Amino acid sequence: MNNLNDKLKQLGIELEKPSVPAANYIPYNVVGNLVFISGQLPFQNGQIPIKGIVGKDVTMEQGIKMAELCALALLSQVKNACDDDLNRVVKVIKLGGFVACLPNFTQHPEIINGASDLMVKVFGDKGKHSRFAVGVPSLPRNAPVEVEGIFEIN
Amino acid sequence: MNNLNDKLKQLGIELEKPSVPAANYIPYNVVGNLVFISGQLPFQNGQIPIKGIVGKDVTMEQGIKMAELCALALLSQVKNACDDDLNRVVKVIKLGGFVACLPNFTQHPEIINGASDLMVKVFGDKGKHSRFAVGVPSLPRNAPVEVEGIFEIN
Amino acid sequence: MNNLNDKLKQLGIELEKPSVPAANYIPYNVVGNLVFISGQLPFQNGQIPIKGIVGKDVTMEQGIKMAELCALALLSQVKNACDDDLNRVVKVIKLGGFVACLPNFTQHPEIINGASDLMVKVFGDKGKHSRFAVGVPSLPRNAPVEVEGIFEIN
Numbered sequence: 412m413n414n415l416n417d418k419l420k421q422l423g424i425e426l427e428k429p430s431v432p433a434a435n436y437i438p439y440n441v442v443g444n445l446v447f448i449s450g451q452l453p454f455q456n457g458q459i460p461i462k463g464i465v466g467k468d469v470t471m472e473q474g475i476k477m478a479e480l481c482a483l484a485l486l487s488q489v490k491n492a493c494d495d496d497l498n499r500v501v502k503v504i505k506l507g508g509f510v511a512c513l514p515n516f517t518q519h520p521e522i523i524n525g526a527s528d529l530m531v532k533v534f535g536d537k538g539k540h541s542r543f544a545v546g547v548p549s550l551p552r553n554a555p556v557e558v559e560g561i562f563e564i565n
Numbered sequence: 412m413n414n415l416n417d418k419l420k421q422l423g424i425e426l427e428k429p430s431v432p433a434a435n436y437i438p439y440n441v442v443g444n445l446v447f448i449s450g451q452l453p454f455q456n457g458q459i460p461i462k463g464i465v466g467k468d469v470t471m472e473q474g475i476k477m478a479e480l481c482a483l484a485l486l487s488q489v490k491n492a493c494d495d496d497l498n499r500v501v502k503v504i505k506l507g508g509f510v511a512c513l514p515n516f517t518q519h520p521e522i523i524n525g526a527s528d529l530m531v532k533v534f535g536d537k538g539k540h541s542r543f544a545v546g547v548p549s550l551p552r553n554a555p556v557e558v559e560g561i562f563e564i565n
Numbered sequence: 412m413n414n415l416n417d418k419l420k421q422l423g424i425e426l427e428k429p430s431v432p433a434a435n436y437i438p439y440n441v442v443g444n445l446v447f448i449s450g451q452l453p454f455q456n457g458q459i460p461i462k463g464i465v466g467k468d469v470t471m472e473q474g475i476k477m478a479e480l481c482a483l484a485l486l487s488q489v490k491n492a493c494d495d496d497l498n499r500v501v502k503v504i505k506l507g508g509f510v511a512c513l514p515n516f517t518q519h520p521e522i523i524n525g526a527s528d529l530m531v532k533v534f535g536d537k538g539k540h541s542r543f544a545v546g547v548p549s550l551p552r553n554a555p556v557e558v559e560g561i562f563e564i565n
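Residue numbers (our numbering), protein chains in the order written: chain A, 412 to 565; chain B, 412 to 565; chain C, 412 to 565.
Bound-form chain A, shown alone (with noise of 0.2 Å):
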């Protein structure tokens, strides 16, 4: 993995723009050598494709890809973070994974593994993370999963 860069186009990867909020919070502040990533959306083209419960409106694969969109998201504001050099970040460091579901439902991990797995194909070992995945009632635009991060740059 010598070009982060190159390596996104090699795995067939193209990064929405960077989304802005349209309130008052920004959607990543650097302090120090840490980036804090504001808890990211599933979109795609501007738009949330799947919507719903997981596990009851929105199925596990959908539930997983949805927590895929929201990793590539993540991607593109920390890679906005280090003037669009993704080669300069050292390590992923923590995802927090929401995933909107029942109280009946248990399989929080493999939901939140979508972006996990992105991380880890994008950045190799600097991609593995710490994480917590739970679950919560509902989210915002009525998506089914929202993803935070802290990452580390150079």
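Keep in mind that the hints were calculated from the coordinates and are not lab data.
Treat the numbers as computed from the prediction; the structure is a model and nothing was measured.
Incorrect hints may have been included.
Repeated chains share a single entry, so a pair holds when one copy, or any two copies, can fit it.
[As the list claims (entries may be wrong)] Calculated pairs, DSS-like style, for lysine-lysine (alpha carbon to alpha carbon, straight line, at most 27 Å): (1) 418 x 539; (2) 490 x 532; (3) 539 x 420.
With the hints as your guide, set chains B and C onto chain A.
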């Protein structure tokens, strides 16, 4: 914005005395230049004025007001961490917003904007933060909103 | 509290072997002097002894005990991060506590105190941390509690 301590008065903001947890945890921990602040509930005069589930027992307007109270509680804690001098706040790094709501609720960002807007009102650009906003089925003491925060100080 | 490794024995605490995630994430990441530890479930002998929703399937007392098991799992991970020497822990910075519960549940702090009390029992004042305690509809593997943590080490 030369003196942030004066600015609070100009804005007509009076902070509550920072709350002290009754249990084996503390309101904040400082590590390096970061202040990690515990999840704050919307206390006013020592009480949570509006309780329950946003969108069911609690209106949007009330929920936003409760998020603002959470932000004031965060301010009170960070002021304490800065030996009472808010000018030492370098940046509001991150807010984590939890909204008590039902599965069909989708307006978490609008609620947590109550906290975000207050940060920018007080700190200007230094108040712009990364954040997440998610739903939860319930919160301590039947509070409708809880907000945690990370601040950079010098 | 001169030797924390001895202290565990004095307290009659035996840590489980730190769990190793089966997926593309890791139990913790060290960045500078901070250890970010993944959300820990209440494992005992490789199993979650009590499952379900606190206040419905799980009593308060059981929930508190499960939060304590989450704290032990965090200890096991941070011990590993310190090359087995708990004396290198400078401070427990933050715990994030998730309690599986229904919308009418309000005693999240009492449950997460199970984790907080253990930290102070083991580390004394160094164990005092910031934290949040919130409800969630459900957790991985039907666990009643999940706790993530940030520790400062030297």
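- Message: At most 27 Å between CA atoms: does that hold for residue 418 and residue 539 within a copy, between copies, both, or neither?
- Response: Within one copy only: 17 Å inside a chain, 32 Å across chains, cut-off 27 Å.
- Indicate which option fits the pair residue 490, residue 532 if close means a Cα-Cα distance not exceeding 27 Å: within, between, both or neither. within (16 Å within a copy, 29 Å between copies)
- Query: With identical chains treated as interchangeable, where does the CA-CA distance between residue 539 and residue 420 reach 27 Å or less: within a copy, between copies, both, or neither?
  - Reply: within (21 Å within a copy, 33 Å between copies)
Checked against the numbered hints given earlier, this structure breaks none of them.
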